[in-house]
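Trainee: Spelled out from the first residue to the last, the chains are:
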Amino acid sequence: REHLKITRETADVPTEASTLAGLLAWLRLRGDIWAQELADSRVRCAINQEFAGLPAAINEHDEIAIFSPISGG
Amino acid sequence: REHLKITRETADVPTEASTLAGLLAWLRLRGDIWAQELADSRVRCAINQEFAGLPAAINEHDEIAIFSPISGG
Amino acid sequence: MSVLIQEDDFDLASELTALRSGNSKVGAMVSFVGLVRDFSHNETIESIYLEYYPGMTEKALNKIIAEATERWSLINVRVIHRIGQLLASDQIVLVATTALHRGEAFAGCEFIIDYLKTAAPFWKKEQTKEGSQWLETRDTDVKRMEHWHNDTVRKSA
Amino acid sequence: MSVLIQEDDFDLASELTALRSGNSKVGAMVSFVGLVRDFSHNETIESIYLEYYPGMTEKALNKIIAEATERWSLINVRVIHRIGQLLASDQIVLVATTALHRGEAFAGCEFIIDYLKTAAPFWKKEQTKEGSQWLETRDTDVKRMEHWHNDTVRKSA
Chain S
414 REHLKITRET ADVPTEASTL AGLLAWLRLR GDIWAQELAD SRVRCAINQE
464 FAGLPAAINE HDEIAIFSPI SGG
Chain Z
414 REHLKITRET ADVPTEASTL AGLLAWLRLR GDIWAQELAD SRVRCAINQE
464 FAGLPAAINE HDEIAIFSPI SGG
Chain H
19 MSVLIQEDDF DLASELTALR SGNSKVGAMV SFVGLVRDFS HNETIESIYL
69 EYYPGMTEKA LNKIIAEATE RWSLINVRVI HRIGQLLASD QIVLVATTAL
119 HRGEAFAGCE FIIDYLKTAA PFWKKEQTKE GSQWLETRDT DVKRMEHWHN
169 DTVRKSA
Chain G
19 MSVLIQEDDF DLASELTALR SGNSKVGAMV SFVGLVRDFS HNETIESIYL
69 EYYPGMTEKA LNKIIAEATE RWSLINVRVI HRIGQLLASD QIVLVATTAL
119 HRGEAFAGCE FIIDYLKTAA PFWKKEQTKE GSQWLETRDT DVKRMEHWHN
169 DTVRKSA
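Protein chains in written order, with the working numbering: chain S, 414 to 486; chain Z, 414 to 486; chain H, 19 to 175; chain G, 19 to 175.
If you are wondering where the hints come from, they were derived from the structure by calculation, not from laboratory data.
Owing to the predicted nature of the structure, the values given are computational and were not obtained by experimental measurement.
Ideal placement from N, C-alpha and C gives every residue a C-beta, glycine not left out.
One or more of the hints may lead you astray.
Stated by the list, open to error - When the alpha-carbon atoms are kept at most 30 Å apart in a straight line, the in silico BS3-like pairs for lysine-lysine are as follows:
{"no.": "1", "chain 1": "H", "residue 1": "Lys161", "chain 2": "G", "residue 2": "Lys43"}
{"no.": "2", "chain 1": "H", "residue 1": "Lys161", "chain 2": "G", "residue 2": "Lys77"}
{"no.": "3", "chain 1": "G", "residue 1": "Lys43", "chain 2": "H", "residue 2": "Lys147"}
Stated by the list, open to error - Estimated spans, in silico, between C-beta atoms of each pair:
{"no.": "4", "chain 1": "S", "residue 1": "Asp475", "chain 2": "G", "residue 2": "Asp157", "range": "28 to 36 Å"}
{"no.": "5", "chain 1": "G", "residue 1": "Thr62", "chain 2": "S", "residue 2": "Trp439", "range": "53 to 61 Å"}
{"no.": "6", "chain 1": "Z", "residue 1": "Phe480", "chain 2": "H", "residue 2": "Gly102", "range": "13 to 21 Å"}
Produce the entire structure from the sequences given, and follow the hints as far as they go.
Mentor: Below, the structure written as structure tokens:
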């Protein structure tokens with residue numbers, strides 16, 4: 414999170430990034446730190462505020478969240 | 414407890430009642446209600462404020478307690 | 019680690035505040051409060067009445083706490099049990115534990131109340147206008163207590 | 019059944035009083051309070067800081083409570099989680115349950131905090147003079163959560 418210095422962004426993603434796995438792969442193309450922080454094994458994702466697995470499809474206007482490991486309580 | 418109307422008694426018990434089992438058997442000789450309330454399977458006993466099993470030996474001046482089923486909490 | 023048997027009600031808030039204060043390593047506090055359920059199962063009941071065996075009951079409770087602290091790393095334990103006449107919704111018993119982590123606090127708290135129910139000499143009777151009736155040990159309480167003898171349980175949390 | 023996420027501290031006493039009032043069938047109340055342990059493991063830490071995901075976090079907590087009430091017959095549930103900056107010994111989280119019997123209250127309370135730890139989006143960082151460090155999910159928390167998937171556990175209590 415801190416490493417990426419971005420908490421929220423509205424982006425036009427290419428059509429090949431039509432699943433969470435595709436979106437992560439596309440974001441990792443942004444470079445080193447992105448590739449490192451957004452490794453599939455490190456993050457959990459949510460679509461429209463519900464947890465979702467990597468194969469989940471992304472639709473237009475979806476709210477996508479990519480989390481670092483959670484640590485509440 | 415209520416059935417026997419006795420909460421505490423100091424008694425001279427015969428020497429053959431030298432264990433808790435023996436004491437219970439001796440007390441049951443007092444009659445119907447005693448025999449019924451003091452059935453081995455119904456009561457738990459303590460000697461000097463520690464739970465004790467039926468074979469436990471009784472010594473002079475011991476404080477013996479015979480409980481109905483406990484139900485706290 | 020302290021046990022109290024009393025007729026008076028207890029103040030849950032101050033008990034819990036006292037329990038966790040004085041040790042900054044406490045990461046988890048678990049409390050159980052047992053309450054008198056209403057008497058809708060038998061509306062002739064007006065109150066319950068609790069007795070204990072002075073001397074032995076305190077010893078039995080301290081022994082239960084000692085066994086809990088031997089099994090789990092508990093920082094502090096508080097047990098309060100009321101006696102005498104109690105009405106619907108009254109507090110009967112408090113068991114509270116603190117520990118570094120919640121697993122130990124939960125296990126210790128549940129163990130203590132489970133053992134208290136079957137191994138601490140208290141007797142409860144239900145009072146109606148016509149008289150009163152001593153209650154029996156509940157089978158489910160005996161089962162819960164026996165569950166802790168299980169080897170996998172002994173080592174968990 | 020209610021969830022609150024707030025920066026302010028909560029008053030444990032009034033929360034527990036409110037939770038048990040209004041239903042005279044309550045026989046058992048179990049509460050868990052998570053506290054900030056002191057920073058003796060790393061004395062450069064001055065505070066912790068908690069963030070959440072507004073909207074999703076409340077939804078996730080309500081879903082966890084719904085699952086708990088589906089598994090166990092709970093009369094009432096209260097979850098409060100603090101966010102923002104917290105110091106040693108501060109209260110972080112409250113999970114409290116009421117039920118007819120203690121088995122259900124204990125199981126429901128422990129289930130909710132175990133799931134909260136791994137399935138509710140909160141993030142905690144430790145703050146030192148030099149900077150801060152986000153914490154990882156603890157392996158033991160993942161194990162505790164997975165334990166509830168076990169079939170015998172699903173049906174017990």
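Trainee: Each hint needs a verdict: does it hold in this structure or not?
Mentor: Okay, the hints, checked on the actual structure:
1. H:Lys161 to G:Lys43: With a Cα-Cα distance of about 23 Å, the restraint between Lys161 (chain H) and Lys43 (chain G) holds, given a limit of 30 Å.
2. H:Lys161 to G:Lys77: Violated, at about 37 Å.
3. G:Lys43 to H:Lys147: Distance of about 22 Å is within 30 Å: holds.
4. S:Asp475 to G:Asp157: 28 to 36 Å: holds (31 Å)
5. G:Thr62 to S:Trp439: 53 to 61 Å: Violated, at about 38 Å.
6. Z:Phe480 to H:Gly102: 13 to 21 Å: holds (19 Å)
Hints 2 and 5 from the earlier list are contradicted by this structure; the remaining hints agree with it.
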